[in-house]
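Participant: Sequence:
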Amino acid sequence: MLPQITITRFSAARSLTFLLLFLTSAFASQAQQQPVTWPAGKSGFTAKLMNIEAATNEIFRYSTTLHNGSASAKIYEFKTDIPFGWTIAYKVDGNQVTSINMDAGKTQDIAIEINATATASPKKYKVPIRAVSGSDTLSLNLEAVVKGSYSLTLSTPTGRLSDEVTSGSQKELQLTVKNTGTLPLNDLQVTAQLPTGWESTFEPASIKQLEAGKTVDVKATVKVPDKTIAGDYAANFTATNSNTNSQIAFRLAVKTSLLSGWMGILVILLAIGIVYYLIRKYGRR
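Mature numbering (1 follows the signal peptide of the UniProt record, and there is no 0) puts the sequence shown at residues -31 to -1, 1 to 254.
Worth double-checking, as some hints may not be accurate.
[Claimed, not checked] Once the Cα atoms are required to be at most 27 angstroms apart in a straight line, the calculated DSSO-like pairs of lysine-lysine come out as:
#1 140 to 95
#2 183 to 224
#3 60 to 48
#4 183 to 147
#5 140 to 17
#6 48 to 92
#7 196 to 147
#8 95 to 147
#9 224 to 196
#10 196 to 140
#11 17 to 43
#12 75 to 92
#13 95 to 48
#14 48 to 140
#15 116 to 140
#16 147 to 116
#17 183 to 95
#18 147 to 177
#19 43 to 92
#20 92 to 140
#21 116 to 75
#22 140 to 177
#23 147 to 92
#24 177 to 224
Simulated from the structure, these hints should not be mistaken for laboratory data.
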């Protein structure tokens, strides 16, 4: 009888725990869905996140809200002081603006996008934003934390971007992938865009991690189909991951094989011999 009572109490305690977790989650969700309340007659400028961290080639995106609490309509002009070379954009409903006309008591969501320069030093930058309407200025102090840069270069050990290959054979090309940024690059892939029917393989097939300043050699094997017409062909190679990419255009000059050349000559000589024979045989008649 005692074990049964223990099990019953455990089940009741577990059910109570699940109920409390459900109610806590429901209240938290309801609190998040409730709009921000503004004091009567007070205007304001707020942001969901004041501090955002990103690399130099990524966009710092802020979600802000502007509220006109006055009794009259106002035109707010956006102003800021950002580091030299940086760019900033204010967007309302996807459209880029420099100012906004707001009716009395109106609240408007404004997306702010900031781009740092590629040479920005890794550190925290203050980005003061102002919404100015006459003598009324609403201030918002944002922070952009630059954590470094993502960048890579795809090339060859010698810098040469052309080679020759025989029709129906395969060619090994040496490629180099270099991390030219300041942050590690993860899960790098090298791919090829080739003419129809051509095939390619890579060794290694992927690069798990490439530290800043480091280089990895990749062997690309390109297979050219039989009976490929002689001429110049473009092979585009791309090194990429989720943060950055680099591409090169490689020129491959396709040559016909020596055997194919001799076979062509033999066919021509055979045709000439047949014509000569026919002329000698029937030409006297």
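Participant: Which of the numbered hints are not met once you compare them with the structure shown?
Facilitator: 1, 2, 5, 7, 8, 12, 14, 15, 17, 19, 20, 21, 24
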